[in-house]
Amino acid sequence: MKLLVCIKQVPDLESRFKPNTEGVWYNETDLAFRMNEYDEYAVEQAVQLREKLGDGTELTVLSIGPDRVVEAIKKSLAMGCDNAVHVQDSAASSKDPWQISSIISAYVKDKGFDIIFTGMQSQDRGSAQVGVTVAEQLGMACTTTIIGFEYDNGTVTAKRELEGGIKAAVKLKTPALVTCQLGLNTPRYPTLPNIMKAKKKEITAIAVGDLLKEAALATTTSFHPPAKKGGGIVLEGDVGELVDKVIALLKDKTAVLR
Amino acid sequence: MKTLLIGEYRDGKLLESTYELLGFADQLGAESALLLVGSDSQLPAYPGTIYLADAATCGEYNPDLHKQLILDAVQQENPDYIVFLHSSYGWDLAPRVAASLKAAQISEIIAAADGSFEVGCCNAKMRRSVKPNTATTVLTVQAGAFPVLQPGGSPTVKKLTGTGSGALEFIGYEPADKKDVDLGKAEIIVTAGRGIGKKDNVPVILALAKALGGELGASRPVVDAGWVEHSHQVGTTGQTVSPKLYVACGVSGAIQHLAGMKKSDFILAINKDKDAPIGEVADVLVVADVMQFVPALTAKLAR
Numbered sequence: 001m002k003l004l005v006c007i008k009q010v011p012d013l014e015s016r017f018k019p020n021t022e023g024v025w026y027n028e029t030d031l032a033f034r035m036n037e038y039d040e041y042a043v044e045q046a047v048q049l050r051e052k053l054g055d056g057t058e059l060t061v062l063s064i065g066p067d068r069v070v071e072a073i074k075k076s077l078a079m080g081c082d083n084a085v086h087v088q089d090s091a092a093s094s095k096d097p098w099q100i101s102s103i104i105s106a107y108v109k110d111k112g113f114d115i116i117f118t119g120m121q122s123q124d125r126g127s128a129q130v131g132v133t134v135a136e137q138l139g140m141a142c143t144t145t146i147i148g149f150e151y152d153n154g155t156v157t158a159k160r161e162l163e164g165g166i167k168a169a170v171k172l173k174t175p176a177l178v179t180c181q182l183g184l185n186t187p188r189y190p191t192l193p194n195i196m197k198a199k200k201k202e203i204t205a206i207a208v209g210d211l212l213k214e215a216a217l218a219t220t221t222s223f224h225p226p227a228k229k230g231g232g233i234v235l236e237g238d239v240g241e242l243v244d245k246v247i248a249l250l251k252d253k254t255a256v257l258r
Numbered sequence: 001m002k003t004l005l006i007g008e009y010r011d012g013k014l015l016e017s018t019y020e021l022l023g024f025a026d027q028l029g030a031e032s033a034l035l036l037v038g039s040d041s042q043l044p045a046y047p048g049t050i051y052l053a054d055a056a057t058c059g060e061y062n063p064d065l066h067k068q069l070i071l072d073a074v075q076q077e078n079p080d081y082i083v084f085l086h087s088s089y090g091w092d093l094a095p096r097v098a099a100s101l102k103a104a105q106i107s108e109i110i111a112a113a114d115g116s117f118e119v120g121c122c123n124a125k126m127r128r129s130v131k132p133n134t135a136t137t138v139l140t141v142q143a144g145a146f147p148v149l150q151p152g153g154s155p156t157v158k159k160l161t162g163t164g165s166g167a168l169e170f171i172g173y174e175p176a177d178k179k180d181v182d183l184g185k186a187e188i189i190v191t192a193g194r195g196i197g198k199k200d201n202v203p204v205i206l207a208l209a210k211a212l213g214g215e216l217g218a219s220r221p222v223v224d225a226g227w228v229e230h231s232h233q234v235g236t237t238g239q240t241v242s243p244k245l246y247v248a249c250g251v252s253g254a255i256q257h258l259a260g261m262k263k264s265d266f267i268l269a270i271n272k273d274k275d276a277p278i279g280e281v282a283d284v285l286v287v288a289d290v291m292q293f294v295p296a297l298t299a300k301l302a303r
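Going line by line, the protein sequences match chains A and B.
Numbered per this note's numbering, the first sequence spans residues 1 to 258.
Numbered per this note's numbering, the second sequence spans residues 1 to 303.
It is possible that some hints are incorrect.
Pairs of lysine-lysine, PhoX-like flavour, derived with a Cα cap of 20 Å [as the list claims (entries may be wrong)]:
1) A:251 <-> B:210
2) A:253 <-> B:300
3) A:228 <-> B:178
4) A:159 <-> A:111
5) A:228 <-> B:131
6) A:173 <-> A:52
7) A:245 <-> B:300
8) A:2 <-> A:201
9) A:159 <-> B:178
10) B:263 <-> A:228
11) B:2 <-> A:245
12) A:173 <-> A:74
13) B:274 <-> A:245
14) A:253 <-> B:263
15) A:253 <-> B:244
The following label-pair restraints were derived from C-beta to C-beta distances [said to hold, decoys possible]:
16) A:255 <-> B:165: 50 to 60 Å
17) A:207 <-> B:169: 33 to 43 Å
18) B:225 <-> A:51: 45 to 55 Å
19) B:181 <-> A:232: 21 to 31 Å
To be clear, the hints were calculated from the coordinates, so they are not data collected in a lab.
Every residue, glycine too, gets a C-beta built ideally from N, C-alpha and C.
The following block holds chain A by itself, in its conformation from the complex:
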């Protein structure tokens, strides 16, 4: 069997974000990048299936972006992916979800992947479109937001997370694509021996121009902080003084503390 997992590298979300020169996305200076959290669950699920199926199964990890994304690719290889594809694109952040999906679909076409795993969305862009669009472009069965995954003999049984803690169980015949929600599994930490082993695994580089033939369907015109609503009090300083201030405020503004 052939498995694929698609990952994105995103900045640490606790960072402060400043607009880039064009004012349409963040400036990358001073940002630390890591694997998109949703994608860690996708990689873990793919690796678990790869381990269950054993020899004869090949798990490829794919990422699109500048050279920095190789770090996230290496982590996936250390987690247990067999080989990798790096679609080199220094301007990936300016592409819309349709273009990103088209790049993946152009690579996947004719490769005969049985199951594709993606995160449910990225933490920075958050469109939740790419996985489903890839499935649609390739005519694969697809379900989203999964928190349970089983595979047996050509059939995926997945549990989707709906609102209010309700779940929905669905079955899909392969070839299938699933988008993974947080909590699907417990993503492993790569061990040192596996990190060393991963260094020998192959990373194939492909220029984005070889895959992308589509124009953007939507354009970002501005990237900016939310308008401050105000009203809230912000307290900073010495912890002891903060405690006294907070207790005074709670006594003054709420009925719960006397």
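Since the structure of chain A is provided, determine the placement of chain B on it from the hints.
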């Protein structure tokens, strides 16, 4: 300007959130038609056209077939915008419709003006303005971002038909886990977020909850990590709460969390990140290390 609004049913009931789509269309100043995969007996009051397919034959989660039904209505209606709620139903179905039409999709809209749409990004810390480059555009709107609008009137019903289960078989719903804690009734909730750092620190947050006479809440990452039981989870996929006092300890304030607690009477947030989105709803934001501030507050309250 014309919109086709895609409503949502679950277990045979029209979801209230469908009325937020009407609120969105109203703000856009657009004409609307509604598409429902539901039943004759559960139709809402509505002054326009309802495209209706029968959920008994078309299913509630059958994306390949629902996509065909929507494409059928799009052909009849020729809308500028096809609008979904950004929900487990909407974000699953919208890209399928958009791809079939090769239409732009803009996800999780929080505001609209002059053909441009405002969406959150970077974990709700930042915003983007996005413009479609296509004549027809698929939109998903953020739950709770637009007002509920319940119109009167009797709809003109146009029936849509279709069969087939496509590539996916729906097996059934599973109810939410039984709640051993009813946070909905709690007057005080003290919630542990990812910022507490590790499972060993949960008792520190619990101690503050006890000192205040309240219940322990938890954000999604804390539950996913197995630090606190799911029955304590606050947010879209957990419980929706509105206590007199809500204390958010190291909770960054993801949209799904805010949706579950922003109606609290008084919100105290403790976070070392001054820009964390929880600050948008907090009455008081204490910029401090949770593990230093919370024990100090608990000690002072106990005195």
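ask   = Hint by hint, which ones does this structure get wrong, listed from lowest number up?
value = 3, 4, 5, 11, 12, 18
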